[in-house]
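Participant: Here is how the chains run, residue by residue.
Protein chains: 2
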Amino acid sequence: MRCRSSVKRAQTLDGRALAKRREERLRNEVEALRAKHGKVPGLAVVLVGNDPASHVYVSRKQQACRRVGVMDREYRLPADTSEDALVGLIAKLNRDADINGILVQLPLPEGMSKGRVLQSISPDKDVDAFHAESMGHALIGDESLAPCTPYGVLLLLDEAGIDVAGRDVVVINHSNLIGKPLAALLMNRNATVTVCHKGTKDLLHHTRNADILVTATGVPGLINAAAIKEGAVVVDVGLGRAKDGTLKGDVADDVWEKASWVSPVPGGVGPMTISVLVENTVRSFRRKMGLA
Amino acid sequence: MRCRSSVKRAQTLDGRALAKRREERLRNEVEALRAKHGKVPGLAVVLVGNDPASHVYVSRKQQACRRVGVMDREYRLPADTSEDALVGLIAKLNRDADINGILVQLPLPEGMSKGRVLQSISPDKDVDAFHAESMGHALIGDESLAPCTPYGVLLLLDEAGIDVAGRDVVVINHSNLIGKPLAALLMNRNATVTVCHKGTKDLLHHTRNADILVTATGVPGLINAAAIKEGAVVVDVGLGRAKDGTLKGDVADDVWEKASWVSPVPGGVGPMTISVLVENTVRSFRRKMGLA
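Going down the list, the protein sequences come from chains A and B.
If you count the first sequence from 1, position 234 lands on 237 in this note's numbering, and the numbers rise without skipping.
If you count the second sequence from 1, position 260 lands on 263 in this note's numbering, and the numbers rise without skipping.
Just chain A, with the same shape it has in the complex (with noise of 0.2 Å):
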């Protein structure tokens, strides 16, 4: 019989704690850069239409921008605005000089084409890595404006010293904003990745053999001790609404006292999705300035 205690065994993928740190290298890589060139990187933020939750997501990242000296520059659109209209915004941001990354929030209003509004963005100012260029650099191992959520579930796992290379990885998404792309990134890395989702017929029998279980599926404590493998590292990407109405992450509890590592909701993912976002304007600007 094994004795297990009550106290949480899991060490912490602690994002909140990177992502500062992070964002203190990134203030002083942005002062140097204004210092030097006399001018900073500029993120254009676009929020069409009232989706309460989008309202905080923008406001994050533009706290996560000024935090850091990165110019944002907000534009708040109307939910009736047209695909059209939209699409023409893009286009002038596409050539203003002063704008090294566009970021467009999701979600769109109903009957917009999330397609074509994020395939107008120009790949060079695609800090969310969502424009199919951007996709497939990822996929061929060039990541230089790495897609935010997933590059940022890796530096969380670089930071805690876990290797993905040869190990089972499985993803639960196989989205195009997460699970894809997340893939790729983790195929790159020699990793073995399992992509899941909502149709895989035994979804156990994967959880069970991963050393690395990423869970993005909106399902408050889907994944549950049972779920996982004795020191697995669990990453939780999840938001969804509990029984209670409070937003949970996937991860039930009692993961906590299986699992090795576990990244917490909120202050696991979600701050080093901010982080990534702005690492990548200050990329992309220091690629226009030739600096990269």
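Just so you know, these hints were derived from the structure itself, not from any lab.
Take these hints with a grain of salt, some might be off.
The list treats identical chains as interchangeable, and a pair is accepted whether it falls inside one copy or across any two copies.
Here are the computed lysine to aspartate or glutamate pairs in the EDC-like style, where the Cα-Cα straight-line distance is at most 20 Å [unchecked claim]:
hint: 1; residue 1: Lys-232; residue 2: Asp-205
hint: 2; residue 1: Lys-42; residue 2: Asp-75
hint: 3; residue 1: Lys-95; residue 2: Asp-75
hint: 4; residue 1: Lys-117; residue 2: Glu-146
hint: 5; residue 1: Lys-204; residue 2: Glu-233
hint: 6; residue 1: Lys-204; residue 2: Asp-166
hint: 7; residue 1: Lys-204; residue 2: Asp-257
hint: 8; residue 1: Lys-39; residue 2: Glu-86
hint: 9; residue 1: Lys-117; residue 2: Asp-145
hint: 10; residue 1: Lys-201; residue 2: Asp-166
Since the structure of chain A is provided, determine the placement of chain B on it from the hints.
Facilitator: Chain B only, in chain A's frame:
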């Protein structure tokens, strides 16, 4: 005790026959295009150096073009051609109105940057779909110019009525040319995809769970009956030199007694790769003519 007959049990994923049927349809399509528009699709085939296998592959692709009525134009360059000269030729072909597809046969001579050369092909004419933009389109689910070998694998499965959705599909290969784009196409079709490679710590764990196994290692006989599940579908994309000097696939003979379907080598995926290449050239032509 189970009784096994000595007769091969698996059915054949017959790429030669399927490619032939698709070629017949394509020949009619090209003939109709010629009759209506007075032009046919054109493929530029660029071969640098004297790799004997490359000569064989290029010749097969040219023969396929001729069978369906696609114009092929050959460029044979000496092995000491400079990378700049090659990129210069590609730039010229990108502008050439008679050329709808540009195929640069791999491998390139030592010292040439495959990345730079492939990225210099206009995405419109990228019939091999190796360009970052083509790869990205495939990854986000827009497969208008599909990667040839991966798409050929899916056509073979489709012809046999094998739906990948929800099935456990294991791919042994994580290269930019095969494993990564194949994983993309499989994710698009809601398969549960696992991508393995030589760094995978327990390959058998994965292969034995596969409903569908796609192997592209170039190690003859790597996959034997013990490596697969009873009734699995096995697609052999391998080609390597066996001890007796002959070229063989990855799949050992005893797999045919345990699998439900197997693609042979030769006559499986190989003809499909060529078929998709020619189809992509026709598709590129149609798109340019505003017909697709």
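Participant: Evaluate each hint against the coordinates.
Facilitator: Verification of the supplied hints:
Taking the shortest Cα distances, Lys-232 and Asp-205 sit within 20 Å of each other both inside one copy (15 Å) and across copies (16 Å). Proximity of Lys-42 to Asp-75 under the C-alpha cut-off of 20 Å is restricted to the intra-copy arrangement: shortest distance 13 Å within a copy versus 52 Å between copies. Within a single copy, Lys-95 and Asp-75 get their C-alpha atoms as close as 16 Å, which meets the 20 Å cut-off; across copies the closest is 42 Å, which misses it. Taking CA atoms no more than 20 Å apart as the test, Lys-117 paired with Glu-146 passes between copies only; the shortest distance there is 17 Å, against 23 Å inside one copy.
In this assembly of identical chains, the alpha carbons of Lys-204 and Glu-233 lie at most 20 Å apart only when taken from different copies (18 Å versus 23 Å within one copy). Taking the closest pair of Cα atoms, Lys-204 and Asp-166 come within 20 Å of each other only across two copies (14 Å); inside a single copy the shortest separation is 28 Å, beyond that limit. Neither within a single protomer nor between protomers do Lys-204 and Asp-257 lie at most 20 Å apart by alpha-carbon distance, with minima of 24 Å and 28 Å respectively. In the homo-oligomer, the alpha carbons of Lys-39 and Glu-86 never lie at most 20 Å apart, since the shortest distance is 39 Å inside one protomer and 36 Å across protomers.
Within a single copy, Lys-117 and Asp-145 get their C-alpha atoms only as close as 24 Å, which misses the 20 Å cut-off; across copies the closest is 13 Å, which meets it. For a Cα distance limit of 20 Å, the shortest separation of Lys-201 from Asp-166 across copies, 16 Å, qualifies, whereas the shortest one inside one copy, 27 Å, does not.
Violation of the numbered hints given earlier is confined to hints 7 and 8; the remaining hints are satisfied by the structure.
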